[in-house]
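Colleague: Residue numbers (the UniProt record's numbering), protein chains in the order written: chain A, 1 to 378; chain B, 1 to 378.
One thing to keep in mind: the hints can contain errors.
Which copy is meant is left open, because identical chains are indistinguishable; a pair holds if it fits in one copy or across any two.
[Unchecked claim] Below, in silico cross-link-like pairs of lysine-lysine (DSSO-like), each with a Cα-Cα straight-line distance of 27 Å or less:
id, residue 1, residue 2
1, K107, K130
2, K188, K108
3, K188, K130
4, K108, K130
5, K65, K188
6, K349, K130
7, K62, K107
8, K107, K188
9, K107, K65
10, K349, K108
11, K62, K108
What the hints contain is simulated information worked out from the structure, not anything from laboratory work.
There are 2 protein chains.
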Amino acid sequence: MTNPDFPTSEYEQRLERAQRAMQAQGLDALLLTNEADVRYFSGFRTLFWQSPTRPWFLVLPKSGKPVAVIPEIGANLMASTWLDDIRTFSSPHETDDGITLLAAVLKKSDRIGLPMGRESTLRMPLNDFKRLRSALHLSEWVDAAPLVQGLRMVKSELEIETISDICRIASDGFASAADLFQEGQTLKEAFRAFRIELLSQGADDVPYLVGGAGQDGYGDVISPPDDRQLAAGDVLMLDTGATLNGYFCDFDRNFAIGHASDAARRAYSTLYVATDVAIATARPGVTCADLFHAMADVIGTTGSDVGRFGHGLGMQLTEAPSLIDFDDTVLTEGMVITLEPSMEVADGKIMVHEENIVIRDGPPTLLTRRAPPDLPVL
Amino acid sequence: MTNPDFPTSEYEQRLERAQRAMQAQGLDALLLTNEADVRYFSGFRTLFWQSPTRPWFLVLPKSGKPVAVIPEIGANLMASTWLDDIRTFSSPHETDDGITLLAAVLKKSDRIGLPMGRESTLRMPLNDFKRLRSALHLSEWVDAAPLVQGLRMVKSELEIETISDICRIASDGFASAADLFQEGQTLKEAFRAFRIELLSQGADDVPYLVGGAGQDGYGDVISPPDDRQLAAGDVLMLDTGATLNGYFCDFDRNFAIGHASDAARRAYSTLYVATDVAIATARPGVTCADLFHAMADVIGTTGSDVGRFGHGLGMQLTEAPSLIDFDDTVLTEGMVITLEPSMEVADGKIMVHEENIVIRDGPPTLLTRRAPPDLPVL
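Sequences are here, hints too, so could you generate the full structure?
Modeller: What follows is the structure, given as structure tokens:
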């Protein structure tokens with residue numbers, strides 16, 4: 001093993017937890033097709049998933065180590081993980097992109113778990129999945145999204161350490177705001193400068209960087225930067241998901257350019273207090289809905305179209321659970337979540353705050369360097 | 001419309017081509033769920049797809065403009081595109097993540113096209129798709145992967161211009177190699193320096209940067225960088241998919257550190273000649289299989305586990321078609337493809353070359369600045 005992000009014991013523990021959950025649900029195998037799920041149990045990390053051409057499969061049997069069924073192009077890298085059983089197929093293939101091989105691995109499994117519920121995607125062509133089901137027509141397929149999400153939402157100390165490191169790097173990046181952002185600069189220039197700053201501070205990559213700027217607030221929180229110039233009185237927001245060893249931070253910061261409107265200052269303070277209240281509320285045993293309501297009570301309304309006030313965080317920018325009124329997931333030690341209250345500042349203008357925390361026995365640990373209590377003016 | 005990557009006429013032409021193809025296949029609607037497909041017809045561009053939480057839908061009717069069925073969080077950005085009919089749902093949702101709304105849009109469609117074949121993924125939970133099919137139980141579902149891929153593989157002049165721009169930026173980045181890479185540097189440091197260089201040269205983002213280094217060649221072409229130090233005699237390869245306005249380049253460059261082995265020099269020359277032959281062969285009317293064989297004949301064997309010698313390129317790092325022996329796609333003007341011959345240099349060591357071209361009436365246009373004919377030594 002030459003390139004693991006974690007020692008083998010980490011993966012052994014993940015597998016053990018998974019197999020215990022599989023046993024409780026009577027699953028003979030778990031089929032995973034997505035980057036994060038495959039990496040979680042194998043340690044296989046590559047940006048090659050950017051290419052949609054080839055499918056990748058990982059099978060967790062009810063006992064024994066995971067089996068990788070992958071394109072030949074990945075054989076060398078997969079061999080550097082802790083896995084032993086790596087079966088490869090020629091890909092792209094004219095007629096059979098790994099389906100016969102995968103069906104052989106799964107053929108004795110009566111009940112197969114596959115993530116099919118909320119926030120899951122089957123990363124393989126539907127036609128191939130149809131062929132697989134037909135080859136395994138005696139097997140029962142069970143939604144394993146809750147199982148996999150339930151495992152992944154509770155982080156190990158090694159995972160927390162990695163997320164903490166990338167949160168520190170991005171906090172250092174935001175600390176350079178006064179040097180990076182100024183009136184007259186286009187949003188594109190500002191975003192490029194920040195991306196370079198994050199890499200220089202030690203981030204591996206910045207897969208997510210969105211935001212906006214405007215008087216009082218911004219129109220949404222998902223837009224790419226454009227050629228609009230930063231103007232005095234603008235509130236500039238950058239929301240970043242930078243990565244380190246395949247783990248994300250996800251938080252934003254707001255800055256006023258030159259001066260700030262009263263409406264912007266007030267909204268900022270309200271969101272700051274809502275975040276404080278959330279930090280004071282986030283304890284093992286509290287539900288995600290409780291935490292949502294604690295923030296909503298401060299804000300007075302759900303107030304924006306963001307739809308929730310935070311979410312899980314780890315190998316993906318957003319993971320289960322959601323801080324929203326219908327999510328009754330109980331917080332437990334080791335969960336890493338974002339606190340992300342948002343509100344409307346003026347008609348069509350919103351503001352969003354975001355911090356990352358880990359749930360502990362007692363007060364949570366803040367992974368991000370806390371935003372200042374008053375809207376900072378650059 | 002405030003934030004379009006292209007003028008409305010570009011999207012009108014894409015829609016017109018799509019509706020012509022839909023009519024030929026008797027499709028009443030086309031359902032799209034993936035980032036690239038949704039963006040191709042709407043102009044909706046955001047990194048927010050990094051979040052797997054929410055589904056996004058675009059429906060192309062057999063006549064009239066596309067209909068967006070999306071989470072509320074995207075309403076503001078979608079309103080900046082050329083679309084008029086934007087229907088939003090609260091998301092995440094406890095029970096209905098847009099399915100009722102989507103079913104209403106599709107309800108009069110007898111034949112619905114959905115990409116289900118090679119290289120396609122349905123980006124929504126399988127359980128939700130099951131509910132959708134059940135709500136539309138009278139509709140017939142038809143694989144639309146060939147239709148959508150067929151449209152997207154032939155680029156407009158505006159698309160070619162964008163890809164050409166990012167190829168130029170990355171070519172400029174590689175031209176700085178002597179300043180960026182040196183003996184003793186770790187691969188992580190080398191990759192970080194190159195990523196920063198690409199951003200500084202004008203790339204929006206570098207979603208893909210992989211490679212390797214080793215005596216004679218490298219173990220694979222998909223690995224992330226590690227802490228191994230570059231040593232004299234290493235062949236260093238970086239393969240980058242940088243982006244500009246949502247379009248990719250995808251090519252690599254090889255460099256010898258200090259000095260190069262004869263085996264590495266010979267392999268480099270062979271791959272250079274194979275690429276030259278491919279450039280001389282790539283003409284409208286030639287098939288992808290022909291182009292594959294033209295390169296394979298030079299190399300003498302398919303020789304590595306990469307599996308193909310190039311592919312389409314555009315909004316995704318890799319797109320249809322594939323330069324492989326079973327792909328009989330006929331090259332036509334406007335196709336942008338990579339030429340990517342690879343071979344084994346020594347036991348377990350490979351080398352890969354890559355250039356990006358656009359098929360023209362006559363010789364193709366090279367979008368990348370051609371690699372030097374001999375393995376450059378840094």
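Colleague: Checking against the hints above, which ones are violated?
Modeller: 2, 3, 5, 6, 8 and 10
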